[in-house]
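**Student:** Below, each chain spelled out in residue letters.
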Amino acid sequence: MNNSEYLKQERAAAWRDDLRKAKKNKERTSLARVKMPEAPPIERARSYVEVNSGLTPEQAINEASRCIDCANPTCISGCPVEINIPKFVKNIERGEFLEAAKVLKETNALPAVCGRVCPQEKQCEASCFYQLKLNTEPVAIGYLERFAADFEQQSGKISIPEVAPSNGIKVAVIGSGPAGLAFAGDMAKLGYDVVILEALHEIGGVLKYGIPEFRLPNSIVDVEIESLRKMGVKFETNFIVGKTATIDDLREEGFKGFFVGSGAGLPRFMNIPGENLVGVLSSNEYLTRINLMGASSQGMDTPVVRGKKVAVIGGGNTAMDSVRTALRLGAEKVSIIYRRSLEEMPARVEEVKHAQEEGVEFLTLNNPVEYIGDDKGKVKQIRVQRMELGEPDSSGRRSPVAVDGSEYIIDADTVVVSVGVSPNPILPQSLPQLKVSRWGTIEVDPDTLQSSIPDIFAGGDIVRGGATVILAMGDGRKAAASMHQYLTNQTKK
Amino acid sequence: MNKVISKHYYSENVVSLEIEAPRIAKARRAGHFVMVRVGNTGERIPLTISTANVERGTITLVVQKVGVSSRKITELEVGDEVTDLVGPLGQATHVENFGTILACGGGVGVAPLLPIVEELKKAGNKVISVIAARSKDLIILEDQIRQHSDEVIVMTDDGSYGKKGLITEGMEEVINREKIDQAVIIGPGIMMKFAALTTKKHNIPSIASLNTIMVDGTGMCGACRVTVGGKTRFVCVDGPEFDAHEVDFDEMLMRLSGYREDEIKADEQYLCVSKNKGKA
Ligand SMILES: Cc1cc2nc3c(=O)[nH]c(=O)nc-3n(C[C@H](O)[C@H](O)[C@H](O)COP(=O)(O)OP(=O)(O)OC[C@H]3O[C@@H](n4cnc5c(N)ncnc54)[C@H](O)[C@@H]3O)c2cc1C
Ligand SMILES: Cc1cc2nc3c(=O)[nH]c(=O)nc-3n(C[C@H](O)[C@H](O)[C@H](O)COP(=O)(O)OP(=O)(O)OC[C@H]3O[C@@H](n4cnc5c(N)ncnc54)[C@H](O)[C@@H]3O)c2cc1C
Ligand code: SF4
Ligand code: SF4
Ligand code: FES
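So the sequences go chain by chain: A and B. Those letters in the first sequence? Residues 1 to 493, per full-length UniProt numbering, in order. Those letters in the second sequence? Residues 1 to 280, per full-length UniProt numbering, in order.
Hints in this document: simulated from the structure, not taken from any laboratory. Don't take every hint at face value.
Claimed, not checked - Partial chain A-side listing against chain B, Cβ under 10 angstroms, derived:
1. Gly-168
2. His-201
3. Asp-249
4. Asp-301
5. Thr-302
Treat the numbers as computed from the prediction; the structure is a model and nothing was measured. Where a beta carbon is used, it is the ideal one built from N, C-alpha and C, also for glycine.
Produce the entire structure from the sequences given, and follow the hints as far as they go.
**Tutor:** Right, here's the structure in full:
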């Protein structure tokens, strides 16, 4: 049975038919999209409470009833892991929230995370019938996904996927970000003996050290990690593959397959004058100090700069997270400096909106050209240049062009540089035979995610450069399927 | 995991700890370091692997108390476990037979210098070591350095031991009497700056091992960045050793001071809390 036949069969289930008949489509489409309950900007901008507090069951059921359970559910093709969206949404509508969570978990190992951080407006929701055909606000698929996943977490009745009897084959996962976690889950289900090796002292990759508590509480990620543990996945922290032990060492210890999900953890700088002044730091440093090392809490040894006037350079999720973190650390004035316009910002739309509500100033079409320090070498000002949008570049975005003679100076005592990341080179450097691109990403077969070394597969940001959580997870699952194939063939030989 | 096997005091403020870490002991080379975190509120700090014993599966760290985190490490006792220990990190020292080596260690910098001296000696070099500190009780590892050196000159600022004077004076003395093929410089930033100026004056190729502030130690944060030969480099992954004549030491010193006020405050608070605990 192919996928579309499967979807048809599911849709034909009696309960779905009944639900469709229970309400006219006209009635459904006349409902307004739910508003996510949020902590008020004034309160939340100074605290780490989660900004979005989640839908109530009534709100969720109501929103779910907007979905018309399309015969051709275009939303699914917008989701990189092809969640059976109408099936989970309709389960919410009929009040079967745990069932909805189960549907999510068929294809998505971390629904509570994705419901919070996916750029839905570019993915599932962008392909919803409402958006495509009615040109109105799409079904709030992300909010509903979060609702079902949170409901399951809070119910204490988390369904742990069934695990096949152990086949005794050891596989190692390098990196514990979403790619590695998703891979580990699928391999554990297939009966493999899975060990995740993580360089840092915490499991979760960017989900822990990057994305802040007010957007994705660590406790949410920990529940998912606990599920993996219950499935028999083992974790070893403080283990840098390529340093603590090489792939060869691990082969000797009996590991038969390797999945590299080591991410794109290296900060980029702009190489402009003054970038090494005290008070100029990468968003990775800023966020790591706070999210991984707890620098903003009482009693922690790791310090962090608490600037009064903080400027963040960049327009991605990382920039939004940094600027909103600065507010929460007590900054008086916080600004985003971005060289294109608001429309081109790669950040999730919701994050930009939240940042604006919280009082972040947006200096779009501006670019720093120099940082100016005081006599102690601490940054005090930024020389900024105005930009205008020129011709579209290869990515289809209009590229910014500097406006001559437009330079001016603004005050800042802290600058957070958030202009992108590069792949982590530690593992590739330890494997000279491994093929990498000139950007340092690992080259893989696009269908199998197998690298140039047969027992090594790779996915997530180390292959794609900076991408998204859901794409990393999708890669992890795809690699699990093809490594299983590969190892099965190997043992037959 | 990471159990402290033995502990030794070189002075009130300098302690050596032998820690169980079989994988690191096996993988490490001279010049490598580890990141260490003590307790769940601790920060991650870099420490050079002074020596390792593959059979015993241990590494030895020599730690000087300068602030909260180094203090917490020196307060570990035999049997305690180090919460987090990861490595070996950084690029290993490039070792070959250069001829005559001038090895310069200031203060606790003698700890990271030791494994390098050992390797250089093994590679057939003639090694002349100059170790220096403010006063006698801050001179560490003298016997171990002697074991692997052809000659050792000890300098103290106050003349309480060895010769009186700065490390650069001891260096000049050697340079003036024989041809040096390569210098290795490790110590406080200010000492490295002047030692590098001294070898530069005499055109002696020199490497310095830099001790910048670090957070992760794996290339992820950029806190450790320095300018070397006009280019930004990350000490944790590209270093810690660089051509001493190319390093912008002034910038490095400036960046080291970035968190000084916070650190002094944290240390005072910590001391205050531990004193109160002692009373309770
Ligand atoms: C601040 C921030 C906000 C973001 N916001 C969003 C968002 O809202 N939505 C979204 O979809 N995406 C977001 N992203 C991007 C998303 O987080 C990444 O695309 C995703 O985490 C990539 O997953 P990964 O598993 O490939 O790698 P990572 O999550 O980067 O994990 C890699 C892990 O591998 C470890 N590692 C590296 N090298 C080694 C080694 N040699 N040995 C052992 N371990 C190693 C690292 O320590 C790390 O823990 C954001 C990113 C950042 C930084
Ligand atoms: C690659 C590398 C190897 C190192 N090896 C050793 C070693 O083998 N033994 C050892 O004792 N130390 C070593 N250090 C230095 C050690 O990491 C610092 O002393 C430690 O981080 C200070 O932490 P703290 O919390 O105790 O002090 P803090 O509270 O951080 O600082 C106290 C004072 O020390 C200064 N300081 C902070 N960081 C450093 C630093 N990195 N170097 C010098 N002064 C600093 C501060 O400006 C402040 O005045 C090494 C550093 C690096 C980068
Ligand atoms: S995983 Fe992401 S893209 Fe897929 S349905 Fe959920 S929110 Fe949408
Ligand atoms: S496209 Fe929209 S309305 Fe149609 S099934 Fe998907 S979510 Fe429901
Ligand atoms: S310590 Fe973070 S990049 Fe070097």
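**Student:** None of the hints should be skipped; say for each whether it holds.
**Tutor:** Structure-based check of all given hints:
1. With a least beta-carbon distance of about 23 angstroms to chain B, the hint placing Gly-168 (chain A) at the interface is violated under the 10 angstroms criterion.
2. Checking His-201 (chain A) against chain B: minimum C-beta separation of about 4 angstroms stays under 10 angstroms; hint holds.
3. Interface restraint check: Asp-249 (chain A) against chain B, minimum CB-CB distance 8 angstroms, threshold 10 angstroms, status holds.
4. Of the supplied interface hints, the one on Asp-301 (chain A) holds, with its beta-carbon coming within about 4 angstroms of a beta-carbon of chain B, less than 10 angstroms.
5. Taking 10 angstroms as the C-beta contact cut-off toward chain B, the hint placing Thr-302 (chain A) at the interface holds, the least distance being around 4 angstroms.
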